[in-house]
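Visitor: So the chains spell out like this:
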Amino acid sequence: MALWSTILADLTAGASPSAWSELILTVLLTPAVALAAVTLTHRKRPAEIITVASVVLVVLQTFGLVAGVISKGQFSALGGFLYLDAFGALVLIPIAGVGFVAALYSVSYMGRQYERGVVDDRHIVRYYQGFNCFVLTMLLVPLANNMGLMWVAIEATTLVSVFMIMLYTNQGPMEAAWKYLIVATVGLSLALLGIVLFTYSNTAVSPSAVASGSGMDWTSMSADAKLLDPGIVKIAFVFVLVGLGTKAGLAPMHTWLPDAHGEAPTPVSALLSGVLLNCAIYGVLRFYIVASGTLGAALPSELMIILGLLSMGIAAASIFFQKDMKRMLAYSSVEHMGIVSLAVGFGGFIGLFAAMLHIVNHAVAKPLMFFASGTVSQRYETKVMTEIKGVVKTMPVTGAFLLVGGLAIAGMPPFNIFLSEFLVLTSGFGTGQFLAGSLMILLLVVVFAGFLRHLVPMVFGSPKGPGRAVTADSRPGEDGAGKLAILPMAILVALVIVLGFYIPQPLQTLIRDAVQVFGQGAPP
Amino acid sequence: MTLFTTGADSLKVVAIGALQVVAVFAFAPLLTGIMRKVKARTQKRIGASVFQPYYEISKLWSKDEVVSDYSSWVFRSAPWVVALATITAALFIPVFVPFSPFSAAGDVLLVIGLLALARFFTMLAGIDAASAFGGIGTSREMMISSLVEPGLFLTIFVVSLTLGGTDLTSLVGAAARSGVVIAPSMLFGLISFFIIILAETGRLPFDNPATHLELTMVHEAMVLEYSGRSLALIEWSQSTKQLVLLALLANLFLPLGMPTSIDVGLLPLGLGALAVLAKVALISVLVAYVETRVAKWRLFRVPDLLTVAIASAMVGMIFFYL
Amino acid sequence: MQVPLSEVLTLSSVALLVSTFGVVVRRGFAGWLSAYRYQSVVLAGSTAVIAYATGLWEIYAAAILTLVVKAIVIPRLLVRVTESVKDEFKIEANPYVSIRLSLLISALLVALSYGVIHETLISANLDVYALTYLPVSVSLFFIGLFVMVSRRMALNQVVGLLIIENGLFLFTTALTQGVSLIIEVGILADILVGVMISALLLLRMSQTFDSFDMVSLESLKDD
Amino acid sequence: MNFLPMLLPAIVALFIAGALLPLAFRDPRREAVASFVPAAASSLLTVALSASVLLSGSALRLSSPVVEAIPSMSLSFYVDGIGAFFMLIIGLVSTSVSIYSLGYSGAYSGKHSIRALGSLLNLFVLSMILVTATNNVFSFLLFWELMSLASFLLVVYEHEKETNLRSGITYLVMTHIGTALITAAFLVLYFQTGSLSFDSFRSAAGQLSSFTKGLVFVLALAGFGTKAGLVPMHIWLPEAHPSAPSNVSALMSGVMLKVGIYGLVRVTLGFVVPSSPGDAWMGLLMVVTGSFSALVGVLYASVEHDIKRALAYHSVENIGIIVLGLGLSVVFMSFGLQSLAALALLASMYHSLNHAVFKGLLFMGAGSVLMRTGTADMNRMGGLVKKMPWTALFFLVGSIAIAGLPPLNGFVSEWLTMQALLSSYQVPNVVLQLSIGFASIAFALTLGLASATFVKLFGISFLSRPRSKAAEEAIEAPKSMLAGMTLAGSLCVVLGVLPFVATSAVASAFGFDIGLVSSYAPFGPLTVGYAANGLRSVSSLSMPQVLVITGAVGAALLGFVTVVGPGRKTVTRRYTTWEGGFGALDERTEYTATSLSQPIRSAFRSFFRPHTSVKREYYSDSNHLIKRSVSVTSETREVFEDHLYSPALRAVVAVLDRVRRLQTGRINSYLLYIMVATISLLLLVVLQP
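Chains as they are written, first to last, in the numbering used here: chain L, 1 to 524; chain Y, 1 to 322; chain G, 1 to 223; chain V, 1 to 689.
Source of the hints: derived by calculation from the structure; they are not laboratory data. Mixed in with the good hints, there may be bad ones.
For lysine to aspartate or glutamate, the following EDC-like pairs were computed, each having C-alpha atoms within a straight-line distance of at most 20 angstroms [to be verified]:
1) Lys386/V / Glu235/Y
2) Lys387/V / Asp69/Y
3) Lys161/V / Asp224/L
4) Lys221/G / Glu587/V
5) Lys386/V / Glu587/V
6) Lys383/L / Asp222/G
7) Lys323/L / Glu218/G
8) Lys323/L / Asp222/G
9) Lys569/V / Glu214/Y
Owing to the predicted nature of the structure, the values given are computational and were not obtained by experimental measurement.
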């Protein structure tokens, strides 16, 4: 571990405070510039190269920011308008990481769709425009200090993702986009009600904030959380929880999620599931911090536990009967967001540590599953799981990744999801929430059974399927998916396995600082 | 009393043990002869002489053996294993003298294990000859033996509770000391042990030893393919097992006339041995008498009789506890 | 004559509630469009009242902006978009909840919002604007949501959305004079873009499916 | 022991080498050698490690952190006596199985990848060994499920057959339910002690309240029972073991079930120490479940005609006997009868060692028969003793051992269990005495049925005439398979004849002092004291002396036969079996496995509820007199499947189906959900004080 700390030290030594705020701005600028460049060139090849380059840049800058946060704690830019602390940095990592991996995968996936004529030149360019805009808006969410700006960023992500879901113009995506737009807009307006109420109670308390116009800033809200009026904060937190909960896919507001993630093109649904949900739950947790400051942790945690259990229950039921592969993965995202809210509900150092870790773990495992299932459904030309058999025989490498990803998502121990789920259970039983803990174990078993019921016949068995050239005699070595599809999946599989029993030192310190931001549990 | 005590008394001990086994081995066929004689007499027939089994064994001893070409070494080794197991089992049981020298090495559970080993190999031999008769015998024996085990174990449970422990020498000694009066639990133990002996030795309600009709034979069917010296060995160990079990019944449940311990002097030991012989002969007469009175039960009614044995042993146990 | 401020405020909130009920009652497309136009005017009026009371010039700009956009631009845009739509999709033939029952439920929702707001906020020392307009905007929000729930036609979803936007706008102006204008404009812009995209989507959908009836929009479900 | 701390990492490294090495080769022969030789070597190392830990009595401690912030979240290992004893079992069996797999993998060289079999086997054995070495909840669960995952991948190794997939899924889901229960048990302990490490569980064993003790015990019994295959949770076992390749099912049946028993022992004796008569109900529960699952296991095994399914059911029976022994020791412990508790524990642990060895041997025998004849159905085997003499001999040794017949190890552990049952009269509570008495009926019935089953298993598959062409053309198994079986067979004999080897191992593992149970001088007898109503006696069993006596009797018999020789020279002629004068009968008239077990099936009708269906085929529909063919199928119904599992599954599915309907597809209902959610949460928040 000494190795890591030496790297961090000399990296952050040279940078002066103002350097960090410039880094925040450049991180936002990179995707914007890429967006402009893609619209200018308007051709497939350059669009791909620009997108991948911009995402690589974003990843590097994010690592810089994370190093800065670990050594400095937190810093802001544009006079407090943008702000980054440990919790924000933690949510930033999946955005950059999954963005990079999704970019790589979409080059191969959209390329293949392009060859098959499913998508023409105009579509590809619009896809990459949407992709860069999507990354930009998602980066803005954790960086925004002003809650109004964060709300605008989340609303923008909704509009951009609606735009990208409508890429394929047949009936399914159209209907999914419509439902997504309506439900999300309703949800977000509810969230706006909550945010405005929070701001109102904040300005009522500290007149100085009114003058400097920072009434809506999270930093000032959390600073005088103790002084806010409990009545207003109670209603405001409910509005924000239901509002942003819709975007985070917490039940019963999750209904748009299976349609949207099921119908969107695979890289987009990987981004939606892996990262967008994190940004929404990030918003909810920001206000959870303020509300637990004012009302004490009891009431907000109770609400989080109720919604968490509800999401796991509904997701478990739907996974058990699902026929479409992508919808099953969407429901599994609902389940994992339920686990994160349950972890925060259980609270204490271990609970919050588990929540942060689960956000990162889920962002690693879910895209892996989406990529593997995307490649498989591209090759078998169907998304219905009962029609796909013997993937391990026709596509050995992707089959292995599908199996590893599936078992990881279902919570099978050697992989990373089990580590955070186990921590959640420990915090559950540790804080005496026996009923919620045992209900969670029960639902995890149902989800595991449901997943296995679909996954094992798909991966094993003698290969038959409607798709092109799905014959048993394909040479075991040669795998259907191209090199560029295998690379992102390989990175994610390696992470899924390694994170199962070894969490790198800087990530641990980052998570510990993020838990301090919640200001609840001291390490045991 | 560990076996390898040094000096003179170890010689005496081994001598008594060896003598006892030789006596058991010698008198066994006589017992079968007596039983057949009694059955004949009750059916108003003269019947063969009491020593007929000896003549049969010596006749078979010098006959050629015919072996089926489907069978394997298991078929040919079975008679030797059965004889070996039965004689070793006899060694551990104090038959004529309330003392068996080898009780340090094994107890009544070992005796049951050895008898089970003999039964295991007989069943295998039944299948090995690849004939339907062998199959009939083995399948019926499988069902009967699997129901005899619980009865046997529960009887031992009752006996070990009332007489303390499973070491045969101390059991027989304790039975002798307890005199004529039989504890109620021992009475129920006696009933269940009697039924089990009928099943073990293949007497009438379970199996008809005298017939070759495939409808009724169980033990006979398994050894149908044997001839010559192997058949002689099997017959001999069958009757030894019969004598040993009857002697066990006599010594444990009807201890009348049995000297309480070994060092009482030669005369009472001799008298005790004679008493045992008389009791065993009396019981075999009773068994033969029961055989003529009762017809062979249908095979699927046999489990009910064995359940009666288990139930009575269970009641014996309850009697002891309450 | 100097009308005291509180009367004016209660008068404008009553007017707002009446205009919302007006939208709920309408059956046809043209009907609720005119009711919506009337509601926007009343909204602009009450914003002007707040601006006059607080003397802040931004709120005046916001009031004019609402009047222009909501009373004129959006209705005309919607009319142009829905020209090609056949008539029978404009009339709400059989909504999930009959009109009389939906009126009752709207009244219930108003009562609920007033109850909740007063129950929790007795202790908070709210200024007079918040006190009057907070419950109105919350009930406006719930009624808009209820309209979207109870109507079968896709067009009426947009109606519900617009009512919710009005409620939201009133909420923000009444409560947070202190919020900087950029955020205010940002929020308004976001809402408008949202409405435009839904209109665009409606257009695209009307070409792919030949009807606006929601029934055709039920293929994606877990059967 | 200075080299001790290095052994564990060396074992782990060797196994991982065994897992990765085969990936470097292409030709199946070299792949097999590259994976199974390191496996055999590291299993030997495991035996050495566990033996040295048992002998020296010292413990090995090792750990590497996973999450610094939470101290007890780390990969920590602690090899103490109990762990070493089970590691010894795993080491012994996996050594012989690895040698056996060298030959056995030849059967798969054409169709399946040997690489996968080799590396998965290495991972499987490694995870089992590490489970017995872990020292905190996280690492225990990690390696526990790694074991289930590796064995699942091996169960679905031949994944063309549909049934294998279904049994694989049932297996993994049932194991996961078991793990859920175990996690709950450990976390309840965590709530009591505040840390995840087993040391704190052990130190807090005294202060647990009786309710927590009961709760943790029941959860652990259900959780580990699912893994060990106790009756109500055993349905995965008869499907998973036969579908795995035979060398894997030898490991699964012989050793993986023991890891379940290890968990149970660790929790009952380590964390939930029964100390007061109030805890006796736990022992009684184990005795009842144990004897019940022993009876059910052997009943199903006796009517089974697939050799691997029969052996799998038989594992259920033996696990029942082990749990029976454990239950008795818990009962004795809660009444403070330390010596009897040690006796019962010795019986149960000795039986788990024996069962691992002879079940491994039997599965290896079945594997070589399967490899040579291509079928596991006994009705198509027969006469193999002439074609595969060595396999037949080993299978016979295994059958005698498992049937608990004297010369071999099965008898010794059953003798100890019977002595423990018989000495239950010293328990001062009448209800316990009577219920243990009733449990001993089931136990005794199991012994009878076990020897009957193995007469059928050995007789039908090896003796009499071959019933199919494949059985006729069978040839002896390759050398390496025979070597594996020789190792296991000789272990059976050694453990049978010299019981002091195992009793001293168990004594030092569980730390009860030497004098307590019986004298451990080499060749000394196993003695159990008796003192009932004034009569004192000592019953003892010394296998070496029994062997000497049998030898003497054998010599005497031979002498008698030669001395009393036949009058004239006798000749042994070979001739066809007597067929009752009907002329040459073919093999169809022979007894088959199903017909052999028919009397048992009718004797236990109420349990099996045999269901026969007759199917008639006619030449023409109009006249039903002339039949083309009549086929009768009679099979026994799986009681637990019909009455316990399918109704439960239907109920769960019905509930899930109702919840699933929420996704109606209409946007109105989605918005309704949001409205309802907002209003209900508002009311919840407002109305709460």
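Visitor: Look at each hint and say if it fits the structure.
Guide: Hint-by-hint comparison with the structure:
Proposed proximity of Lys386/V and Glu235/Y is contradicted: the alpha carbons are some 28 angstroms apart, above 20 angstroms. Proximity of Lys387/V to Asp69/Y is assessed by CA-CA distance (about 14 angstroms); at most 20 angstroms being required, the pair is judged to hold. Taken as a hint, the Lys161/V and Asp224/L pair is broken in the structure, with Cα atoms around 66 angstroms apart against an allowance of 20 angstroms. Distance hint between Lys221/G and Glu587/V is unfulfilled; the C-alpha atoms sit about 61 angstroms from each other, more than 20 angstroms.
For the hint linking Lys386/V to Glu587/V, the alpha-carbon distance of about 16 angstroms falls within 20 angstroms, and the restraint holds. Under the criterion of a C-alpha separation no larger than 20 angstroms, the hint pairing Lys383/L with Asp222/G is consistent with the structure, at around 15 angstroms. Of the pairs offered as hints, the one joining Lys323/L and Glu218/G holds, with about 17 angstroms between alpha carbons and a cut-off of 20 angstroms not exceeded. For the suggested pair Lys323/L and Asp222/G, the alpha carbons sit about 9 angstroms apart, so the restraint of at most 20 angstroms is met.
Annotation: proposed proximity of Lys569/V to Glu214/Y is violated, straight-line Cα distance about 33 angstroms (limit 20 angstroms).
Consistency with the previously given hints fails for numbers 1, 3, 4, 9, ordered from lowest to highest.
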